[in-house]
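Student: Chains A and B, in that order, give the protein sequences.
Numbering of the first sequence is given in UniProt numbering, commencing with residue 1 and proceeding in unit increments.
Numbering of the second sequence is given in UniProt numbering, commencing with residue 1 and proceeding in unit increments.
Keep in mind the hints are simulated off the structure, nothing from the lab.
By construction, the Cβ of each residue, glycine as well, lies at the ideal position given by its N, Cα and C atoms.
Keep in mind that a hint or two might mislead.
What the hints assert, rightly or not - If we take Cβ atoms under 7 Å as the criterion, some of the chain A residues that face chain B in the derived model are: (1) E33; (2) K36; (3) G38; (4) T84; (5) E87; (6) E90.
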Amino acid sequence: MRFLMMTTDDSSSAGQNPPDEGMMAEMGRFIEEMSKAGVLLATGGLDPRPTRIESSGGKVTVTDGPYTEAKEVVVGFALIEVRTKEEAIELSKRFWQIVGDGKGVIHQVFGPEDLSGQ
Amino acid sequence: MTASDTHRTIDAVWRIESARIIAGLARMVRDIGLAEELAQDALVSALEQWPETGVPDNPGAWLMAVAKRRAVDRIRRQERLERKLEEIGHGLESTDPAPEFDTVLDTLDTEPIEDDILRLVFTACHPVLSAQSRAALTLRMLGGLTTEEIARAFLVPEPTVAQRIVRAKRTLAEAGVPFEVPEGAERAGRLASVLEVIYLIFNEGYAATGGAEWIRLDLCQEALRLGRILAGLAPQEAEVHGLVALMEIQASRSRARVGPSGEPVQLLDQDRARWDRLLIRRGFEALLRAEKLGGPPGPYVLQAAIAACHAQAATAGETDWARISALYELLVRLTPSPVVELNRAVALGMAYGPERGLELVDALVTEPALKDYHLLPSVRGDLLARLGRLEEARAEFERAAALTRNAPERAALLSRAAACAAG
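Please take these sequences and the hints and turn them into a complete structure.
Tutor: Below you can see the structure in the form of structure tokens.
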């Protein structure tokens with residue numbers, strides 16, 4: 001089963017302050033550990049100033065930042081392959097133990113086994 | 001959190017942590033069977049206590065601490081027993097407890113557990129065990145699977161797997177297999193034994209297609225996970241990366257190799273848009289790592305390179321068959337096998353015309369190992385049909401249809417035979 005784990009930021013300072021070095025090193029170790037555990041398929045950090053795209057009535061509107069209102073943005077992701085949802089949650093707990101305060105979401109990514117109705 | 005939630009969490013923790021715990025304990029007690037029992041005891045404690053107390057913040061450390069305590073108790077008891085025996089036997093004062101053990105206990109928290117996991121892999125895959133036993137033991141010790149899960153995956157009764165594991169542990173203990181990573185001349189052969197087990201697990205899952213057997217796709221993922229772990233533990237081994245590359249690329253086709261009604265779809269007929277690009281990319285990366293390490297390519301690197309040729313072709317028609325046949329030629333020199341020769345014949349037929357392929361296939365017709373192998377007449381029929389020798393082709397397709405056990409494949413072969421008969 002694949003899960004997409006994402007960290008989000010909804011503070012107005014999202015992306016203003018670079019993450020501190022100590023945390024980056026810890027994160028590096030966590031990523032290495034997950035990759036050595038054979039569960040990490042892909043990971044990356046995202047620019048917290050996204051380009052927003054909206055399609056309405058056949059018209060596509062593209063808006064670039066900066067945004068004055070604080071909106072939740074995805075700032076990082078990890079695509080993992082594990083056996084159960086609980087395993088994804090356990091790994092996510094470890095992640096947050098390193099990172100400290102924050103928010104995130106975990107989505108299951110559907111694969112062929114889900115399409116076959118099992 | 002309800003009790004069943006807690007159980008599911010414990011299950012997840014166990015799968016993440018068990019290999020590390022068993023490996024760490026094995027360093028203490030020098031017996032992977034005993035190490036696994038001690039780890040299981042800790043798991044039972046967790047199952048008893050966590051539903052009451054909640055899951056601890058660092059569940060892995062909790063399990064390790066409990067297991068270590070049990071190991072210490074067990075060893076102290078053993079030492080007291082030995083001392084008693086010694087006193088009775090010789091009337092001598094007891095000696096101090098084995099210093100080696102105390103040193104191990106001290107270093108357990110500081111030395112990297114990765115080294116122990118690698119030792120565990122090599123021990124569980126020791127060639128003194130049958131391939132099936134190695135696979136069961138590896139899934140149990142490294143994959144954290146229960147006996148029931150292993151049984152379901154291999155489609156054998158649970159007691160069979162349980163017995164296999166018990167016997168395997170006993171065999172390892174009786175043979176005095178040391179808990180270590182083999183070095184020197186022994187290493188290559190022992191590594192081959194490890195890779196064979198992982199690929200066997202992968203193929204056990206990959207051979208299954210569709211329907212109720214989707215569960216076995218889990219087995220492919222299990223093998224991939226083991227392979228990736230091994231690549232992290234032994235990054236200097238090109239063949240490990242080769243095996244990972246091979247499995248990643250093969251797994252990338254899972255979605256395309258089963259048709260809408262569960263029938264198998266052959267590689268060249270697959271809808272390549274359904275291939276998993278992420279796994280292909282991972283496979284290419286692993287293959288690059290293997291090639292960067294240099295040296296003559298081993299059998300897994302060669303097979304991965306062949307798989308990569310297919311993955312690289314945007315359409316079946318763009319496949320670089322000349323390169324594939326050259327790779328098969330290298331492979332057949334390393335691991336001579338009539339099945340590899342047959343694959344080489346297919347590649348030759350595609351690259352240089354059906355005559356070249358047929359020449360090699362005709363030499364294989366008398367091969368006893370291929371006597372009941374349906375792909376031999378199937379390949380031969382295809383080459384003959386392309387040469388316009390339709391009557392001979394028809395006979396070959398019919399023979400192949402009679403040999404295959406797969407119903408959809410039989411239907412496909414019979415329809416090819418009918419097409420030949422119709423001219």
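Student: Give a verdict on every hint.
Tutor: Going down the list of hints, with the structure as the test:
1. E33: violated, 9 Å
2. K36: Interface hint status for K36(A): holds (3 Å vs cutoff 7 Å).
3. G38: With a minimum Cβ separation of about 3 Å from chain B (threshold 7 Å), the hint on G38(A) holds.
4. T84: holds, 6 Å
5. E87: Holds - the Cβ of E87(A) comes within 7 Å of chain B, reaching about 4 Å at its closest.
6. E90: E90(A) check passes; min Cβ-Cβ to chain B is 5 Å, inside 7 Å.
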